[in-house]
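Work out the full structure, taking the sequences as your base and the hints as a guide.
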Amino acid sequence: MSAVLTTPTILDAPESRFPLDLSSRIPRIRDLFHAATRNQWNPATDVRWDDLDPSAYTEDQRFAARLYWSRRAWGEYGAISESPALQIRFCQEKHPADMRLFFTIRSQEESRHAEVCYRMAERLGGYIDQPVKTAYQGSVATHGVRKLALDPDSPLECVIAALVCAAEEIAFDVFKHLIDITPNPVAKQVLKLVMRDEVRHCAFGWHYMASRVRHLSPEELERVRQAVITMIEKVELNGYHSAWLAPETPASRVEVESDRITWEAGLGATVEELEKPVFIESIRRIRRQMQSGWGIELPMFTHPRIQGPF
Amino acid sequence: MQPTPILVERRFPLDLAQSLGSIRDLYEAGKSERWDPERDVAWAAFDRAAYAPAVLEAARKVWSRRAWIEYTGLAETPALLIRFCLEPGREADPKYFLTVRNTEEAWHVESFHRMAEACGGYIDRPADPAWEPVINQTLYRQALDAGQSLDEYVAVHCAVEDGLELELYAAYLGNARDAMVRGLLERVVADKRRHAEFGWIYLASRAPQLDAAAKAGVARAVAAWIEGVALAGYHVPSLAAGIDARGEAAAAAACAEAGLGAVTAAAEEALFAAYLRRARARLAELGVAVPELAHPRLGAI
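Each protein sequence line maps, in turn, to chains R and D.
Just so we're aligned: the first sequence equals residues 11 to 320 in our numbering.
Just so we're aligned: the second sequence equals residues 643 to 943 in our numbering.
It cannot be assumed that every hint is accurate.
Stated by the list, open to error - So the derived list for chain D, only partly shown, Cβ under 7 Å to chain R, looks like this:
#1 T646
#2 D766
#3 Y876
#4 Y917
#5 R920
Everything labelled a hint here was simulated from the structure, so no lab data went into it.
Even glycine gets a Cβ: it sits at the ideal position worked out from N, Cα and C.
Here it is in structure tokens:
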């Protein structure tokens, strides 16, 4: 018997679809929907899979890379299992149709990403369906977005700011970095294809917030700020995207070590010493953008593996 | 109102392997047959001046209503996708497929809205408010409600209902003479064919695992949907017993006559009855016996 949640959610209110406004209210988001439609790709056919020769790598390298790409698939899967709840929210609360339309293809892109990561792991010898050590599941099992999206007491601005303008921005910067350092052409191609979509995902968040910020009271902006802080402290700094940020345990050490082997093989991962400055700069950039665009000040953060506040 | 119970996800082990080949094939087909409403529909070829004002008025009503109905999927499909993720042991293939389905629904919504605009302007709600509760089905709640069987949901909404939508849109296409409308409906019908196949294929894959009680539950759910939703005029307005649908019927007739992608109310009813007979037979092959139902005007259905 599966466990069941019985807390109040936005699902409890009856649907009230009309008047159904389908016109464009945030044209820049409608443009993202159209751009996404024009720029679709297919993991099955648009990646030069035959160029990836698993036999060129050692058994240890293949296993590490399988684990790395499987972990990427788990992360992308979160956007299939959780983020679509945001779309229900957009519809239930009658947010601009642009958002409702864009998010459909955004979820499809996330499934493409999960698929392409899965295929990469398979190509290297086989997808791995869970962390090697169970203890690591806590870092990658959820980013909590479904719960937030369905919670009528969590303002949508908080969810979007935290999920998109913070978490996805960090992921985006790391992607750029990975493309720069990954020599294997197939791994690089996969990363480029994914990043092409992620550009739009991030833009969506900033466009939405730009349309909302002027309507928010200081108290509401403070809630946005707190939501971003929570996402950075409890999810990102807990290792959701980067294993070396996870609490130091035998489980996280396995993941970190596999990342290092994958990076040495040039198959797509990065390592703490290379990613750390990227991560720090990403946080700084987000802080600057939120300060200049929204007028909120993020605090300095700390993490045992990063020297000094950042 | 009681909170809607929602299953708690147990994410790992996370199976992403293909296990339902025919549904994975639908997913692959959806990706490879992707289209772009902007590029692939000849919007500029639509000659509004070729149609009388009364015809255009009818067409904007017809296409606006289609946008309202298609819109259901924008919230329903993500809810169903999440439900598949929450339900223990469900396969990866339906999850992948549903993400493509939802994009296609968005293209349909935007295209139907655009078509209504081209005919003189999209209408954002029914003229008769009595239609609103018929269309507000809150399907996203049903899809996520842990008290609702996922198999019953798929049988009703993905197999039977999506199958009916396919039949209707195929008929609209069959009666469309305007080149732009035909081009649009060809794309829509191709998508809807995959949507309906998904429902029936998935139901067939589940049927051997359903015991007699579960199959009886599926039959009850299908019957309840026919009585409470289909016969209320959700897809075929003229079936509604309690709402005057003569305006919708007149609009459909004018649109059909002009070749703008519709059929008459009588044709829709005949198509509905014939489809239900086939759907009932198909369900019976899976061991699901849907009882005979009655419509005040059409009699036994």
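Each hint tested on the structure:
1. T646: holds, 4 Å
2. D766: At 4 Å from the nearest chain R Cβ, D:D766 passes the 7 Å test, so the hint holds.
3. Y876: violated, 12 Å
4. Y917: Given a least distance of 25 Å, the restraint on D:Y917 is violated.
5. R920: Interface hint status for D:R920: violated (30 Å vs cutoff 7 Å).
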